[in-house]
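Please model the complete structure; the sequences and the hints are all you need to start from.
If you want the building blocks of each chain, they are given just below.
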Amino acid sequence: MSRVGSSIVGTSVKRTDVIGKVTGTARYAGDVKLAGMLHGKMKRSTIAHANIRRIDASRALALPGVKAVLTHENVPRVLHYGAPHPRSISVTCDQYILDRKVRYWGEGVAAVAATSEEIAEEALDLIEVEYEPLPAVFTVEAAQAPGAPQIHETAYAGNVLFKPVVVTRGDVAQGFAEADLVIEGEYETGRPTPAYMEPNVCVCQWDNTGKLTVWVSTQAAFMVRGILAEVLGLPLTRVRVLVDHMGGGFGAKQDLFQHEFLCALLAKETRHPVRMEYTRGETFVGGRSRHPCKIWLKQGFKRDGTIVAREARTVFDSGAYGSHGPGVTIVGTTALTSLYRCENVRLEGRCVYTNAPIAGAFRGYGVVQTYYALDIQMDEAAERLGMDPVELKLKNAVREGDMAPSDHPLVGHGLEDCIRRGAAEVGWAALRQRPREQAGTLRRGWGMGCEMHGSSAYPGIKEQGNAIVKMNEDGTAVLLTGAAGLGTGAHTALAQIVAEELGLAFDAVSVVHGDTDIVPWDIGAFASHTTFMVGRAAQMAAAEVKRQLLQRAGEQLEVAAEDLEVRDGVIAVRGVAGRRITVRECMGPKLGIPAANLVGNGTYTPTKSYSFAAHFVEVQVDIATGQIDVLQVIPVHEVGKVVHPIAAAGQIEGGIQQGIGHTLTEDYVIDPATGRSLNAGFVDYKMPLSLDMPPIRTILLETAPDPGGPYGAKGIGEDPIIAIGPAIANAVHDAIGVRFRHFPITPEQVLAALKEKAGAAA
Amino acid sequence: MRPAAFDYRAPATLGEALALLAAHPGAKLLAGGQSLVPVLNLRLAAPPLLVDLRRIPELARSVLEHDGALTLGAMTRHRVFERDARVRAAQPLAAAAVPHIAHVAIRNRGTIGGSLCHADPAAEWPAVTLACDAAMTIAGSAGTRTVDAADFFTGLFETAVGTGEILTAVRFPAWPARRRHGFAEVARRHGDFALVGVAAAVDLDERGAVALARIAVFGAADAPVLAQEAAQALVGRRGEGAAREAGRLARARIAPRSDHHASAEYRSELVEVLVRRALGQALGVAPAKAA
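So the protein sequences, as listed, match chains F and U. Residues 1 to 762 (our numbering) make up the first sequence, in order. Residues 1001 to 1291 (our numbering) make up the second sequence, in order.
Because the hints were derived from the structure by calculation, they are not lab data. Don't be surprised by glycine CBs; every beta carbon is placed ideally from N, CA and C. Watch out, some of these pointers could steer you wrong.
Example chain F residues on the side facing chain U (calculated, C-beta under 8 Å, incomplete) [what the hints assert, rightly or not]: (1) 623; (2) 624; (3) 625; (4) 629; (5) 686; (6) 691.
Selected chain U positions facing chain F (in silico; Cβ < 7 Å) [unchecked claim]: (7) 1037; (8) 1186; (9) 1188; (10) 1189; (11) 1190; (12) 1266; (13) 1268.
According to the in silico footprint, chain U covers these stretches of chain F (three or more CB under 8 Å from chain U) [said to hold, decoys possible]: (14) 208-216; (15) 670-681.
Structure, rendered in structure tokens:
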């Protein structure tokens, strides 16, 4: 499908958002300033689990400048979904705007609108809340113990969110019976948060027709519209959601948070526009973290490395609300059917409510957790089998036609290519043989990790990408898309695809996005599907416009449209020199009619495609202080077709940065006794910063293009965060001979493990 | 992340600044703002008035005396130690410590006096002044007084600077020809406050044995502490064995606390390792590369 001479797709054109961002003129939801605008603030609970016995806002309302106070007593009590996609299996319906009960420390219990942020904050202290404390549980074990307090009446059983997912393929017992080596282990992952740069923010305004306009930082504008309309009892014609630029989302900004509803209601109550913005602390306390997860994994191997059985049980901690708990549990658990082929598999995944902060969608969506376990266990197996882990992984790497986690035969098998290319790049075979330098207290090691991840949420959600492309009378074109621009360069990629398909220059295509009243319906920017799915829809819409364009040109040139081609803004008769017309000339006024209405509509309903990666990592461990430094990363990604090399590499580097944070430094910590947040801020929550980043030598492969993606392109958004974790853990093992089966791995734990090892050896 | 409302003044003389402090109890001095402004933004403090010291010429004045003693005005920015070779040569231990202070942008704005008066237990400057036996000059309505570093840090975020007083300068005695130094710290990320750090100054005798050592350990207690026993045990010795023993002695004498960044036990371990490393650098038994 990729045509010869294709030049825009595959080129790092100047991104559509770059000038606005570097000059500070790009507009974000938080930049919206409206006449008479009030400022909203949320009061948050100081207890993790309690009924609200009494709430008294009278002193707050008496404060000059306060215009309204909302509590559970005066907001609609509508049980609703907090995340896309209502009525899909991926999400839960367990939230109220404000409830009579609080389920985690920091849950919103009231909201104030005032003439300034300072007054609103002051008013929060004047709202009196009397709690009737309930027993609280902060671990999945405590939540599942007999007699544990039930957090939600809507749960499947006790605190278990939904019926545990069970996947069975082949005969596991038979598989283990045939195994020469059986390995089992328990793995545990921490609670990192997405820590997007732009805090959650929205501005709400009602007009005199009763229509609500919402400026908001969200990945899923149409979902915000749908859920707001449903909860507030409005038709979709009465809710308009606007999203311009965004400062990141990483999955978490698919959810609706309490403040969007409260902001709309405060605006309605006060008849003024209201702005609500989270503080940095609130993005932790009231945001969405990754699901902490415990994984029990057992595999059977033949002596030659063939995997003959795999069994796993996973338990995901959803925190106080369900959000994406079912989706994350299903995707993370079923991912264990694949990556390394195995015919006999039995998996069980469950998701549990606790009174911890809410976990939600986060780049890597459950797979970060389960592939961490799987890829570390592969390293353990290689050691026990006396094999090179690269050889073991190559031997078992998933292949074309194997059943993917989505229960579809895989198209393309980029994994082997990634492993081979990375191994060649770092000289893996020689590294394995090298003498270990032992300079003082520093030890170095190499490790590698693999991953595959689907572009699109299919089959959990049946998705649809939409695009409209229309021609201007000067020969330029406009793309209308609902896909959000999280900061990934999605709009640039979509414009590249349209320009490529239409035979126009890149700057001849403009992008309109972020207005639910104007752009075609969009499911949201997530699941690594924007370039893949919306890109394909944009390509289809552009192809339709091109058909209309060539039809018009054919009439003008008096040739059949089929004999025409368009390239670089020129329409020419194929094989006939000189018979040509520019797109501009073709689109110009004809017979006194100023413009033609050429519009293409594209809709694409994908199944699933998978991208692949292998990450090779060198670490250095100081055995006296326990400090781990990542010295270099060589990520190899197979993405079908690279649309924008710099943006793709940027995604990969960012994912690696987050993944290094997950593995070594980041953990959102709560007090185990009270559930109180202990490090809700960038001083104490330790994301790696630019100075902490190692050199990254990214390699992009196009060896397994997907027939469904535009020009064969597949997703790249989530993949980079998955393989880096086990690669680091495996490299640490290579360096110091200590096997860690959890993250984050702290220096303190490294020292303790080294002491234990020395003690055992003595 | 916005401070509560406050008044702001930027006096041009020390006298005016002292008068403002006297007239406005609760006023805070703004010396560079790299600690104070975050504290204000996080609403951990809400002073009614900020007195900005940046316009007072004498606070920015530094003097390198003929004998090598270095007096730094309290408003001297950290970054001087990365830009001025003479300053660096005059005080090599400070020069080794400064790159560990936060990030370049912060070192450009942050001041030595500000850091000393903030007295964060994990900050580098207090330990450096302690190891170098520096002396602080403090101005008040009754005139100026001088306080040795050993008496300056009185507790967690507490110093000898009293209400209504201003630290004006810090004086480092001349660096002896036979003084060696070492500096080591461990932080979770580049630029973070140290979990534990050590600044050591070691004077050798003519035979190359230790004559006098000052080992300042920070991040392990409410204020930086001198590991006196460890320093004593070094006298007359040289080599790696001496550094090892000093590390053990320092660990035995210092009882750090736990927080969610590190346990007391891990910090104790770091005290031993980092004292050993800093002394190893000073005694020439390890590369002078910071941990």
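Hints and how they fare:
no.: 1; hint: 623; in the structure: 10 Å, violated
no.: 2; hint: 624; in the structure: 5 Å, holds
no.: 3; hint: 625; in the structure: 5 Å, holds
no.: 4; hint: 629; in the structure: 10 Å, violated
no.: 5; hint: 686; in the structure: 5 Å, holds
no.: 6; hint: 691; in the structure: 4 Å, holds
no.: 7; hint: 1037; in the structure: 13 Å, violated
no.: 8; hint: 1186; in the structure: 5 Å, holds
no.: 9; hint: 1188; in the structure: 5 Å, holds
no.: 10; hint: 1189; in the structure: 5 Å, holds
no.: 11; hint: 1190; in the structure: 4 Å, holds
no.: 12; hint: 1266; in the structure: 4 Å, holds
no.: 13; hint: 1268; in the structure: 11 Å, violated
no.: 14; hint: 208-216; in the structure: violated (count 0)
no.: 15; hint: 670-681; in the structure: holds (count 3)
Consistency with the previously given hints fails for numbers 1, 4, 7, 13, 14, ordered from lowest to highest.
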